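Residue 35 in my numbering sits at position 50 of the sequence shown, with consecutive numbering throughout.
To be clear, the hints were calculated from the coordinates, so they are not data collected in a lab. Note that the coordinates shown come from a computational prediction; the quantities given were computed from them, not determined experimentally. Misleading hints may appear alongside valid ones.
Straight line, CA to CA, 30 Å or less: simulated DSBU-like cross-link-like pairs of lysine-lysine [what the hints assert, rightly or not]: (1) K67 x K(-9); (2) K18 x K67; (3) K(-6) x K20; (4) K18 x K73; (5) K(-6) x K5; (6) K73 x K(-6); (7) K67 x K(-6); (8) K6 x K67; (9) K6 x K(-6); (10) K5 x K20.
Restraint ranges, calculated between C-beta atoms of paired labels, are given here [to be verified]: (11) T15 x K(-9): 30 to 38 Å; (12) H37 x K6: 14 to 22 Å; (13) K18 x G(-8): 33 to 41 Å; (14) S64 x S10: 16 to 24 Å; (15) M59 x P81: 21 to 29 Å; (16) S(-3) x N76: 30 to 38 Å; (17) K18 x C(-12): 26 to 34 Å; (18) M49 x A9: 15 to 23 Å.
Ideal placement from N, C-alpha and C gives every residue a C-beta, glycine not left out.
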Amino acid sequence: QFCQAKGVKYQSFWTLSANKKALASEYVRTTAKSKNLTPSTLMYAYMMTLGHTPLSGTTNRGHMDEDVAVMRRMLNGESIFKPEELEKMSNTLGVPSS
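Please put together the full structure from these sequences, using the hints given.
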C-alpha cells in the first residue's frame, strides 16, 4: 500500500524461490493448467495483477519464453484471474487482503 500511495514500483526477484510450497499446491497447479500456464507463470501473472514487476532470473530459454508469453497476454488486456481466484491465490500465498 505504501508503494502504491507513493507511486513506487515494486520489483519482485525471489517470487518463485520464496513460494515453492505454494507453487506445488494443488490449487496453483490446477488453476495454472486451466489457464494454459505453468505454476511459475501463474505466479508472475498474480504479481503483475497486484501491480508488481516480477524479475526473472532464468537462464532457460523455454522458461523465458513462457514468462514473456504471460506478460504479453496481460499487456494485451487479458485478465488472468477472476476476483474469487485472485482472493484464493492470495490466501494460498498468505497475502493479507487489501
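Verification of the hints:
1. K67 x K(-9): holds (27 Å)
2. K18 x K67: holds (15 Å)
3. K(-6) x K20: holds (26 Å)
4. K18 x K73: Holds: K18 and K73 sit about 16 Å apart, inside 30 Å.
5. K(-6) x K5: holds (24 Å)
6. K73 x K(-6): At roughly 24 Å apart (the allowed maximum being 30 Å), K(-6) and K73 satisfy the hint.
7. K67 x K(-6): With a Cα-Cα distance of about 23 Å, the restraint between K67 and K(-6) holds, given a limit of 30 Å.
8. K6 x K67: holds (23 Å)
9. K6 x K(-6): holds (26 Å)
10. K5 x K20: holds (20 Å)
11. T15 x K(-9): 30 to 38 Å: holds (37 Å)
12. H37 x K6: 14 to 22 Å: Roughly 20 Å apart at Cβ, these two residues keep to the hinted range, so it holds.
13. K18 x G(-8): 33 to 41 Å: 36 Å Cβ-Cβ, so the 33 to 41 Å window holds.
14. S64 x S10: 16 to 24 Å: holds (22 Å)
15. M59 x P81: 21 to 29 Å: holds (23 Å)
16. S(-3) x N76: 30 to 38 Å: Since S(-3) and N76 have Cβ atoms about 19 Å apart, the given range 30 to 38 Å is violated.
17. K18 x C(-12): 26 to 34 Å: Hint holds: Cβ distance 31 Å, inside 26 to 34 Å.
18. M49 x A9: 15 to 23 Å: holds (22 Å)
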